[in-house]
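Construct the complete structure from the given sequences, taking the supplied hints into account.
So the protein sequences, as listed, match chains A and B.
Counting in my numbering, the final residue of the first sequence is number 154, and the numbers go up one at a time with none missing.
Counting in my numbering, the final residue of the second sequence is number 138, and the numbers go up one at a time with none missing.
Everything labelled a hint here was simulated from the structure, so no lab data went into it.
Check before you lean on any hint, since a few could be wrong.
As the list claims (entries may be wrong) - Below, in silico cross-link-like pairs of lysine to aspartate or glutamate (EDC-like), each with a Cα-Cα straight-line distance of 16 Å or less: (1) B:Lys114 with A:Asp88; (2) A:Lys89 with B:Asp116; (3) A:Lys106 with A:Glu136.
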Amino acid sequence: MRRIEKIVAAGAVVFVLMQLVPMSRSNPPITQDVAAPSQVESILRRGCYDCHSNETRWPWYAHVAPVSWLVIRDVNHGRQHLNFSTWDKYADDPETAIRKLRNIDKVMHNGTMPRWYYLPEHSQARLSDGDRELLEDWILQAIAAEEKREQSQP
Amino acid sequence: MAYRAASQLLQLRIILIIIIFMMSMTRKIVTVALVAGFVGMAGFASASHADDAQPQLTFANGRFEPAAFNVAAGTPIRLKVMNNGDAPIEFESFELNRERVVQPGRSITVQLPKLDPGQYHFFDDFHHEVAQGTITAQ
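Below, the structure written as structure tokens:
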């Protein structure tokens, strides 16, 4: 066997072995979805929910290693930092909810979200100026509501 | 919790005054000494119990102190986080679903729900080189 054929064969074996590494692609239960107007919810769903909710749409390449490892890592990290499907877990501490909302505003404005490598396959996630304006209005209202709720707590 | 402890101490002091009024001088001295010791111990126990529901975490010298502590499971917790450093920190915990900025020289109170028994890790998201800490609910 020529050298190049050996390399290709070894690569194929490694590729097959990578597929055997067990990885979890789960969508845990939704405990409480974030409250948002329908237009804002639509933007969040197409731009954020795949990584920041328990309603991830797992594409075909999320089942093919090693790309699947990166996808799963991004989803797990995304859910850890912000999860729209478990908004009740921030409810006991309004300041945390406010912090999450301010972070959404920050990453939306500085362009770090959605991730650049997410957009080629998910062009609908790209935010227009109108989208950003709607999101910002909602964020400001949501922060005000949380501040009011915090003041009413003992 | 602190209000309840203070109310209990007041009740004990009232009982002490009534007992002293009804006894002779010698017995008064002995009784005061015994009851004062009892009240002191009760007050200490109450205060300790009150602190359990409001633990305190301090960030100083580039690390959290204490790095690990216990809390009662099944009881809402008001965690006080104090930043004695010279830069803002972000107290964050994925397991607790908490993310709060603490400015230098300031303190915040983080509301935690009733925790199931187990370990919950926290860290400073502004300084990843800082070792993470652990809260054990038991």
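Results of checking the hints against the structure:
no.: 1; hint: B:Lys114 with A:Asp88; verdict: holds (14 Å)
no.: 2; hint: A:Lys89 with B:Asp116; verdict: holds (14 Å)
no.: 3; hint: A:Lys106 with A:Glu136; verdict: holds (10 Å)
This entry satisfies every hint, going by the numbered hints stated previously.
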